[in-house]
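Got chain A; can you put chain B on it based on the hints?
Chains as they are written, first to last, in the working numbering: chain A, 1 to 205; chain B, 206 to 410.
Worth double-checking, as some hints may not be accurate.
[Unchecked claim] Cut-off 25 Å, straight-line C-alpha distance, at most; resulting in silico cross-link-like pairs (SDA-like, lysine to any residue): (1) B:K272 / B:K334; (2) B:K346 / B:E401; (3) B:K334 / A:A99; (4) B:K297 / B:E401; (5) B:K375 / A:Y41; (6) B:K297 / A:G119; (7) B:K289 / A:Y202; (8) B:K216 / A:L204; (9) B:K273 / B:K334; (10) B:K289 / A:E196; (11) A:K129 / B:D367; (12) B:K310 / A:K129; (13) A:K26 / B:D367.
Because the hints were derived from the structure by calculation, they are not lab data. Remember, it's a predicted structure, so these values are computed and weren't measured experimentally.
Below, each chain spelled out in residue letters.
2 protein chains.
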Amino acid sequence: MKQVIPHDTIKRLALYLRSLRYLAKKKVEVISSQRLAERIYASPSQMRKDLAYFGEFGIRGVGYNVKKLIAEIESILKLKKKRKVALIGIGKLGTALLAYSGFEKFGFRISALFDNNSGKIGKKIFGLKIEDIARTKEVLKRERIKIGIITVPAADAQEVTDRLITSGIKAILNFTPRYLNIPEGIMINTVDMAIELESLTYYLP
Amino acid sequence: MKQVIPHDTIKRLALYLRSLRYLAKKKVEVISSQRLAERIYASPSQMRKDLAYFGEFGIRGVGYNVKKLIAEIESILKLKKKRKVALIGIGKLGTALLAYSGFEKFGFRISALFDNNSGKIGKKIFGLKIEDIARTKEVLKRERIKIGIITVPAADAQEVTDRLITSGIKAILNFTPRYLNIPEGIMINTVDMAIELESLTYYLP
Numbered sequence: 001m002k003q004v005i006p007h008d009t010i011k012r013l014a015l016y017l018r019s020l021r022y023l024a025k026k027k028v029e030v031i032s033s034q035r036l037a038e039r040i041y042a043s044p045s046q047m048r049k050d051l052a053y054f055g056e057f058g059i060r061g062v063g064y065n066v067k068k069l070i071a072e073i074e075s076i077l078k079l080k081k082k083r084k085v086a087l088i089g090i091g092k093l094g095t096a097l098l099a100y101s102g103f104e105k106f107g108f109r110i111s112a113l114f115d116n117n118s119g120k121i122g123k124k125i126f127g128l129k130i131e132d133i134a135r136t137k138e139v140l141k142r143e144r145i146k147i148g149i150i151t152v153p154a155a156d157a158q159e160v161t162d163r164l165i166t167s168g169i170k171a172i173l174n175f176t177p178r179y180l181n182i183p184e185g186i187m188i189n190t191v192d193m194a195i196e197l198e199s200l201t202y203y204l205p
Numbered sequence: 206m207k208q209v210i211p212h213d214t215i216k217r218l219a220l221y222l223r224s225l226r227y228l229a230k231k232k233v234e235v236i237s238s239q240r241l242a243e244r245i246y247a248s249p250s251q252m253r254k255d256l257a258y259f260g261e262f263g264i265r266g267v268g269y270n271v272k273k274l275i276a277e278i279e280s281i282l283k284l285k286k287k288r289k290v291a292l293i294g295i296g297k298l299g300t301a302l303l304a305y306s307g308f309e310k311f312g313f314r315i316s317a318l319f320d321n322n323s324g325k326i327g328k329k330i331f332g333l334k335i336e337d338i339a340r341t342k343e344v345l346k347r348e349r350i351k352i353g354i355i356t357v358p359a360a361d362a363q364e365v366t367d368r369l370i371t372s373g374i375k376a377i378l379n380f381t382p383r384y385l386n387i388p389e390g391i392m393i394n395t396v397d398m399a400i401e402l403e404s405l406t407y408y409l410p
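Bound conformation, chain A alone (with noise of 0.2 Å):
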C-alpha cells in the first residue's frame, strides 16, 4: 500500500496540516475542501484525492472538521512523537538551521552535529557539541537517530549520505544542490533555494 501514495501526496498532507493548524488557532471549526485546497494552492479535486488514500474524512456538503482531520494527518505522517534529527555540515547553513526555531516547534529536535573540520571538531553552538563526521555511527545509533539533515559543500555530498545511510538513517533532508545516489528503503527531500528562483524569473518579463 505504501509504495503506491505518490510522495507529492505526502508533502501535501504536511501543507494541509499546516493550514489547518493555522485554522484551528482561529478557531475555526469546519472548512470546505474548496477553502483547505486554495489555501495551499492546489484544486479541491486534487485534495479529495489526496486524502482518499487513507480513508474518507469530509462530510459531503459540508466540509472537513478542522481538530478531527488535524488529529487524522498527524497520525497518518507518525508525526505524534518527537523526532531527533543530526545536522551534518556547520557552515554558514547550517549554523542558520540551528538558530531557526521552525522545527523544534513542529516536533523535530537537532540533538547531534557533525563536521569534518577539525577546527570546529569538539566546540560547542547553542549547547550542542560538534562531532567528527567519523563518528556517525557510534553517535546515531546510541542517540537513535533516523533523519539527517545535510548543509555541506557539495563535493562532498555524496560520501556523506554514503555514511549516513550506513551509520542508520533513513531519511534525508538534503540541502545541497547535488543529486544523491541512495538506495531502496531511504527518503531524501531536497531543498534547492537557487531552483526555486530559477523556475520563478521563468515568469518575469
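Frame of chain A, contents of chain B only:
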C-alpha cells in the same frame, strides 16, 4: 500558451538544468533521457513530456546534447541575464540567506534589504544598507527589482506581500510558513523546511 504549462514542469526544467550543468563540468557530451530523468528522481516519460512543451530537443535512440539542452533551458527560463532580488526581513534566516553564496552563483544578486525594525534600519550588512520597509515602492522601482524573498515573521507575511506587490514585485520566494493571498499574474514559490521534514517522517518505522 504560458498558462497551460504546469509550474511543476517549470521547476523540473530548473532541476534538469542543474544536472546538465554538472554533467557539462564533468565533460559529459550526450545523456539519455533515462539517465537525466533519474538524476532528478523523475521518470523518462515525465521528462520527455516536460520538454515537449517547448519543442523537440533530443535525438531518438541517442539522447540529448548536454550543451545544447543547457542553452535551450536557460533560454526558456530566461536565465541568460542576471536578476536583482530584494530580501525582506533581516533576521536569522534572512542573514543566513545573505551569507549563502548559492544565489549569486546562479545569477541572482540580493540588491536591496528591508526591515521594519528601527534598530536595524540604516545599518549595513554584507555591504548593503537595510532600508525601511516603508520605502519599498521607491527603492524597488529605482532598482527595477521584480523578485522578492520574504523572511519576515509569519504574522507579518501577508502585509509585506501586499506591500511588495503594490511596489512592483512580480515573483516571490516565500520562506514563511503561511498561506499568502496573491492576485493573478504574481508567482509565488514557498520554501518550508519544516514541511520537508514532516513529509519524511511518514516513511520512518
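Going down the list of hints, with the structure as the test:
no. : hint            : in the structure
1   : B:K272 / B:K334 : violated, 39 Å
2   : B:K346 / B:E401 : violated, 35 Å
3   : B:K334 / A:A99  : holds, 23 Å
4   : B:K297 / B:E401 : holds, 20 Å
5   : B:K375 / A:Y41  : holds, 17 Å
6   : B:K297 / A:G119 : holds, 24 Å
7   : B:K289 / A:Y202 : holds, 15 Å
8   : B:K216 / A:L204 : holds, 15 Å
9   : B:K273 / B:K334 : violated, 40 Å
10  : B:K289 / A:E196 : holds, 15 Å
11  : A:K129 / B:D367 : violated, 42 Å
12  : B:K310 / A:K129 : violated, 32 Å
13  : A:K26 / B:D367  : holds, 21 Å
Violated hints, listed in ascending order, are 1, 2, 9, 11 and 12; each of the other numbered hints is respected by the structure.
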